[in-house]
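Novice: Sequence:
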Amino acid sequence: MGVWGRRTGPLVSRTGCRGRSREVVRRLTWALAAWLLVLGGCALAAEPDAKKEEKPKEPDWSDVLKGIPLGPFRLDIGGSVRFRYEYQNDFNQQRYADPAPGRAKDGFLLQRTRLDFNLRFAEQARFYVELQDARVYGSDFRTDDFDSRLHSCPYRNPLDLRQAYLEWLHIGDSPFGIKIGRQAIFYADNRIWGPGEWGNAGRYTWDAVKLIADTPLAEVHGIFANRIRLDPHSFDEHDSSLDAYGVYAMVKKLPFRLDLFCLHKRTRPDQLYNAKGDRLDLDTHTVGFYVDGKLGKPWDYGGTLAHTFGDRKLVKATGKVASDDEVRAWGANARLGCTFDHPWQPRIGVEYSYASGDGNPNDGRYGTFDGAFGAIDMYYGRMNFLPWMNLHDYQLSLSVKPIKKAKLSLDYHIFRLDKAKDAWYWRNDRPARQDTTGKAGRDLGQELDLILNYKHSKHWEFMAGYCHFFPGTFIKRTGPSPDADWFFFQTAYSF
1 MGVWGRRTGP LVSRTGCRGR SREVVRRLTW ALAAWLLVLG GCALAAEPDA
51 KKEEKPKEPD WSDVLKGIPL GPFRLDIGGS VRFRYEYQND FNQQRYADPA
101 PGRAKDGFLL QRTRLDFNLR FAEQARFYVE LQDARVYGSD FRTDDFDSRL
151 HSCPYRNPLD LRQAYLEWLH IGDSPFGIKI GRQAIFYADN RIWGPGEWGN
201 AGRYTWDAVK LIADTPLAEV HGIFANRIRL DPHSFDEHDS SLDAYGVYAM
251 VKKLPFRLDL FCLHKRTRPD QLYNAKGDRL DLDTHTVGFY VDGKLGKPWD
301 YGGTLAHTFG DRKLVKATGK VASDDEVRAW GANARLGCTF DHPWQPRIGV
351 EYSYASGDGN PNDGRYGTFD GAFGAIDMYY GRMNFLPWMN LHDYQLSLSV
401 KPIKKAKLSL DYHIFRLDKA KDAWYWRNDR PARQDTTGKA GRDLGQELDL
451 ILNYKHSKHW EFMAGYCHFF PGTFIKRTGP SPDADWFFFQ TAYSF
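Residue numbering for the sequence shown follows the working numbering, beginning at 1 and increasing consecutively.
Some hints here could point you the wrong way.
As the list claims (entries may be wrong) - Estimated spans, in silico, between C-beta atoms of each pair:
#	residue 1	residue 2	range
1	Arg365	Ser174	40 to 50 Å
2	Tyr412	Arg365	30 to 40 Å
3	Asp278	Asp145	18 to 28 Å
4	Asp324	Lys66	29 to 39 Å
5	Leu258	Asn362	38 to 48 Å
6	Gln124	Asn360	48 to 58 Å
7	Phe309	Pro346	39 to 49 Å
8	Phe309	Asn118	36 to 46 Å
9	Pro431	Arg365	10 to 20 Å
The hints are simulated quantities; they were obtained by calculation from the structure and are not laboratory data.
Since this is a predicted model, take the numbers as computed values, not measurements.
C-beta: ideal position from N, C-alpha, C; glycine also.
Given these sequences and hints, build the entire structure.
Specialist: See the structure below:
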């Protein structure tokens, strides 16, 4: 047994089990001790903070960058700089327990700079431009280690155009509006449609036309979009192989939030699916709803239900049709939390996420839910070991705000496969491991996430976290199975 308690075979002695249990307890003890230490420090800091009186708002240096008169127009200039150091132990961006020399651990610094210009030429009309520069320092990976035909490099995207759109709402005092151009699309909690802001380069950006109808009963968006491929070597261009269409409606005049959606995902028949040269022809629809609300003062709840149907064809590089299936898949999320009446605002919550898997690859029906166009960066464990695919995620959450500017969170996840014969999918939506016999079981493992957020001022924000992954039976029976650790520290300045 190594220092991380890894096992080299499918069976271990009873002594080995006890040793591993002691190691798990030791790690949990240290995580809890760190949590209490930070909590105590925040409590001490809270004493003088509670006695301070509210000060009147003082002028800020960035005020000169807002409302700049340009004839009949007004210009707002904004931006942000974000640095994040990450240390990954026994996993990396591409895989878990990477056997390649020098890939088992990786420590690096991410830098992302954004500069935006918002030109307002009417009360509800504007032209918005945002530039982005994303870089990485010290990583064991090079840009060319990521196959640009499949996915862009998640770390690096030098100076490029992230957004450039014209938005005009309530045209001529009507309920109708339009938003056209390159844009990030996000709704609700970003689970169905979100840009993936945690990633250094981002996950989704679109060349899109959004038609808007804002009525007393609902705000409805009609979306026609083409995905942008983030190219680390040249100017970002649209991806001709992936189109998205949809209707997203936000219902009004209800005691809770209710969003309804219908999305259409279509790939061209020549879309490259993997490095082997296989190609995917996908034509699916996803329909569902999102809900968010409160039950009295202490209780909050929310959830998403989505159903995907359509057609999916996978063609081998040789030209042979590997599968031609009817798609029938489900995704769901439900959460319930209670915030106690206390100055620290302690909240205890439970959450469950489900994504159907494919139990039989030969029955002509494809059952793996694919997560639509949503972000994954904090929903299914902070370490991003799993997307919303073939998954059961049972989550217990605890958070406190010992001072106004700080929030401390502790999340515990239990992960299981939905279908034992389907794959464990990695963060890039590609299979990480699979046992087509199903004998490896469905137990993927557990994850513990400790996160501290601190908003120092209007401009400065800090974030730090430590996360640990405990592999389950499925992982132990299908390959190397070390415990994995992730540490990060992030600082961001915005204006």
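Novice: Compare the structure with the hints numbered earlier in the document and write down the numbers of the violated ones, lowest to highest.
Specialist: 4
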